[in-house]
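Colleague: Spelled out from the first residue to the last, the chains are:
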Amino acid sequence: MNHDKELDARGLNCPLPILRTKKMLNELTSGQVLKVNATDPGSVKDMQAFANQTGNKLISTEMSAGEFVFLLRKH
Amino acid sequence: MQEKKMAIIATKGTLDWAYPPFILASTAAALGYEVQMFFTFYGLQLLRRDLTGLRVSPLGNPGMPMKLPYGPKWLRDINLNIPNAVQSLIPGYENLATVLMKKTISNNGVASIPELRELCQEAEVKFIGCQMTVELFGFEHDDFIDGIEYGGAATFFEFAGESDICLYI
Chain A
29 MNHDKELDAR GLNCPLPILR TKKMLNELTS GQVLKVNATD PGSVKDMQAF ANQTGNKLIS
89 TEMSAGEFVF LLRKH
Chain B
11 MQEKKMAIIA TKGTLDWAYP PFILASTAAA LGYEVQMFFT FYGLQLLRRD LTGLRVSPLG
71 NPGMPMKLPY GPKWLRDINL NIPNAVQSLI PGYENLATVL MKKTISNNGV ASIPELRELC
131 QEAEVKFIGC QMTVELFGFE HDDFIDGIEY GGAATFFEFA GESDICLYI
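As they're listed, the protein sequences go chains A and B.
Once you know that position 52 of the first sequence is 80 in my numbering, the rest is easy, because the numbers rise by one and skip nothing.
Once you know that position 25 of the second sequence is 35 in my numbering, the rest is easy, because the numbers rise by one and skip nothing.
Since the hints were derived computationally from the structure, they do not count as laboratory data.
Since the model is a prediction, treat every value here as computed from it, not as a measurement.
Ideal Cβ placement from N, Cα and C applies to all residues, glycine included.
Don't take every hint at face value.
Claimed, not checked - Label pairs and their computed distance ranges (CB to CB):
1) B:F147 <-> A:E90: 46 to 56 Å
2) A:V97 <-> B:E125: 17 to 27 Å
3) B:D60 <-> A:N65: 29 to 39 Å
4) B:W84 <-> A:L86: 34 to 44 Å
Okay, chain A solo, but in the shape it has when bound:
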């Protein structure tokens, strides 16, 4: 799936992946997609919780080789 912006949050730990995601979403317009790469295992649950509470949609979560890739559609 295509994305409009990408965030490299690898190596960062709680709460930085969420804070950076929020910051970067501010630069997108409604409907655009942000791709986030992260290594923090806690970010899997946190990203879903962030989406639930902010109205942004978590389109997908993928895991491969110790890395997580999230796709978020801005509310």
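Once you've looked at the hints, dock chain B against the given chain A.
Modeller: Just chain B now, kept in the frame of chain A:
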């Protein structure tokens, strides 16, 4: 939907205890909460311009693992349990523990306190310094970062009374 509110009372002035209030405040702000933090007693240390004085003490803190952030894995895995009586006699033990903790923090990709505080400010978290403590401890407003409001308990309750979450840390 009306914006939710969170109020935090930050009362601790050590490197380890600086984390919970700033992590929760910055995250709540990212989730859309309006956040106010009231800094009182030792918590005022978290508002200083220069945060390099924040330290951590393993003394009397059996919950704190003392592990080396350097060297091979077998060495890093050892928990260096040193009795309180010995800790209190070693000069600079707190400084050493602080250096090791800062290294562990950066090794793990955890943000520094100045960084988290800045993220809170960017997210418009409101900081209130306890004026009574400022006077009690002989501080000057100039010791602290700009953009702080000073007030007392009543000032805090004005916001806390309307909050959805209120934490004492």
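Colleague: Hint by hint, say whether it matches the structure.
Modeller: Verification of the hints:
1. B:F147 <-> A:E90: 46 to 56 Å: holds, 51 Å
2. A:V97 <-> B:E125: 17 to 27 Å: Holds: the Cβ-Cβ distance is about 25 Å, inside 17 to 27 Å.
3. B:D60 <-> A:N65: 29 to 39 Å: With a Cβ separation near 35 Å, D60 of chain B and N65 of chain A satisfy 29 to 39 Å, so the hint holds.
4. B:W84 <-> A:L86: 34 to 44 Å: Given a distance of about 40 Å, which is inside 34 to 44 Å, the answer is holds.
The structure shown violates none of the earlier numbered hints.
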